[in-house]
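Colleague: Oh and the sequence shown: position 76 is 76 in our numbering, straight run, nothing missing.
In case anyone wonders, no lab produced these hints; they're calculated from the structure. Nothing here was measured: the structure is a model prediction, and the numbers come from that model. Each residue gets a CB set at the ideal place from its N, CA and C atoms; glycine is no exception. Be careful, since some hints might not be right.
As the list claims (entries may be wrong) - DMTMM-like mimics (lysine to aspartate or glutamate), calculated; alpha carbons at most 25 Å apart, straight line: (1) K287 <-> D263; (2) K212 <-> D97; (3) K76 <-> D45; (4) K233 <-> D135; (5) K3 <-> D97; (6) K18 <-> D4; (7) K233 <-> E16; (8) K182 <-> D97.
To be verified - Per label pair, the in silico range of CB-to-CB distance: (9) K72 <-> M284: 46 to 52 Å; (10) A156 <-> K114: 46 to 52 Å; (11) K114 <-> E317: 38 to 44 Å; (12) W249 <-> D135: 32 to 38 Å; (13) G282 <-> H73: 55 to 61 Å; (14) Q253 <-> K233: 34 to 40 Å.
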Amino acid sequence: MAKDMIILGERIGLGEAKTLNFSFAKLYTATKIEIPIVINRSEIDGPTVLLTAGVHGDEINGVEIVRQVIAKHINKPKTGTTICIPILNIFGFLNQDRVFPDGRDLNRVFPGTKTGSLASRIAYHFVKEILPHADYCLDFHTGGAQRFNAAQIRIAPGDEKLFKLAQVFNAPFTVYATNIGKSYRNTCKKMGKQVLLFEGGKSLESNKYIVKEGVDGVSRVLNHLGMLRDDYKVVPIDRTPVVISNSKWIRAQKSGLLHIKIDCNKHVVKGEFLATITDPYGTMRFKVLAPNDGYIININQAPIVNQGDAIFHISTESK
1 MAKDMIILGE
11 RIGLGEAKTL
21 NFSFAKLYTA
31 TKIEIPIVIN
41 RSEIDGPTVL
51 LTAGVHGDEI
61 NGVEIVRQVI
71 AKHINKPKTG
81 TTICIPILNI
91 FGFLNQDRVF
101 PDGRDLNRVF
111 PGTKTGSLAS
121 RIAYHFVKEI
131 LPHADYCLDF
141 HTGGAQRFNA
151 AQIRIAPGDE
161 KLFKLAQVFN
171 APFTVYATNI
181 GKSYRNTCKK
191 MGKQVLLFEG
201 GKSLESNKYI
211 VKEGVDGVSR
221 VLNHLGMLRD
231 DYKVVPIDRT
241 PVVISNSKWI
251 RAQKSGLLHI
261 KIDCNKHVVK
271 GEFLATITDP
281 YGTMRFKVLA
291 PNDGYIININ
301 QAPIVNQGDA
311 IFHISTESK
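Can you build the whole structure from these sequences, using the hints too?
Modeller: Here's what the structure looks like:
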């Protein structure tokens with residue numbers, strides 16, 4: 001018989017559902033900061049899937065994806081366990097900022113330390129108390145600042161199991177991206193957890209199309225693992241994700257006002273007209289052209305750019 005799951009000192013048995021408060025810090029007003037963790041266990045033992053969002057506090061799409069998973073009861077599994085954390089960086093969420101109050105990026109301090117910075121302490125307790133219970137991790141992000149990401153799953157190259165799981169999630173793009181040291185994804189890998197990182201949209205924006213891609217992807221993964229309830233039907237989709245193994249940034253050659261002429265997700269050919277950069281006085285108009293054939297998977301939607309700013313992320317090799 002399966003053992004009870006003990007998280008943050010609370011015992012959760014098969015068939016039980018609990019919302020726990022992950023609380024290890026306070027505001028400088030002495031107000032306790034609590035991060036709700038929504039746990040649902042089936043009466044039938046099975047895998048544990050951990051869904052996280054808000055690692056960066058201004059990335060709202062991920063928060064909405066996990067919220068909808070909970071609101072639609074997708075997180076109530078037929079077998080196994082789901083653990084949902086809609087907002088991990090509650091400090092950044094309150095401030096509508098990417099980072100913690102001390103300027104630390106939570107996704108660059110894993111696995112954390114018990115006596116380190118505020119972000120490092122949150123990472124430490126998360127890794128010690130919650131992550132060990134997970135078999136699969138789905139982590140939801142958006143593009144930073146005003147850079148809009150096409151809906152995509154990022155995985156480390158050379159991991160066949162992760163590649164197959166990414167195909168199950170079935171975002172429009174599967175992008176090979178090397179794990180960054182001290183990132184959540186890198187810690188998952190070291191602990192033997194299968195992790196998919198979803199990127200879609202931009203910060204401080206809720207995009208219903210991106211959110212739907214995320215919610216549908218979660219449903220497909222849970223269905224693949226035998227965890228999705230029979231009364232929730234996965235919407236069939238007839239596509240094979242485009243696999244991007246190499247990509248590069250197209251950078252602004254001039255400073256000025258940026259006028260985008262194409263949509264994200266688009267396949268372009270070498271020399272295709274992507275944007276113009278103009279000065280405010282009507283004397284300069286610079287055309288931005290595609291340097292190669294490829295898919296545009298990120299667009300900088302900022303109205304003003306400086307020379308050298310990243311404005312398009314384009315694949316250089318895809319399948």
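Colleague: Hint by hint, say whether it matches the structure.
Modeller: Hint check results:
1. K287 <-> D263: Within the cut-off at roughly 16 Å; holds.
2. K212 <-> D97: With a Cα-Cα distance of about 24 Å, the restraint between K212 and D97 holds, given a limit of 25 Å.
3. K76 <-> D45: The hint holds at about 13 Å.
4. K233 <-> D135: 23 Å, holds
5. K3 <-> D97: Answer violated: K3 to D97 is near 39 Å, above 25 Å.
6. K18 <-> D4: It holds: about 13 Å lies between the C-alpha atoms, which stays within 25 Å.
7. K233 <-> E16: 23 Å, holds
8. K182 <-> D97: 20 Å, holds
9. K72 <-> M284: 46 to 52 Å: Given about 50 Å between the Cβ atoms, the range holds.
10. A156 <-> K114: 46 to 52 Å: At 28 Å between Cβs, range violated.
11. K114 <-> E317: 38 to 44 Å: 43 Å, holds
12. W249 <-> D135: 32 to 38 Å: 35 Å, holds
13. G282 <-> H73: 55 to 61 Å: 56 Å, holds
14. Q253 <-> K233: 34 to 40 Å: 49 Å, violated
Checked against the numbered hints given earlier, this structure breaks hints 5, 10 and 14; the rest are met.
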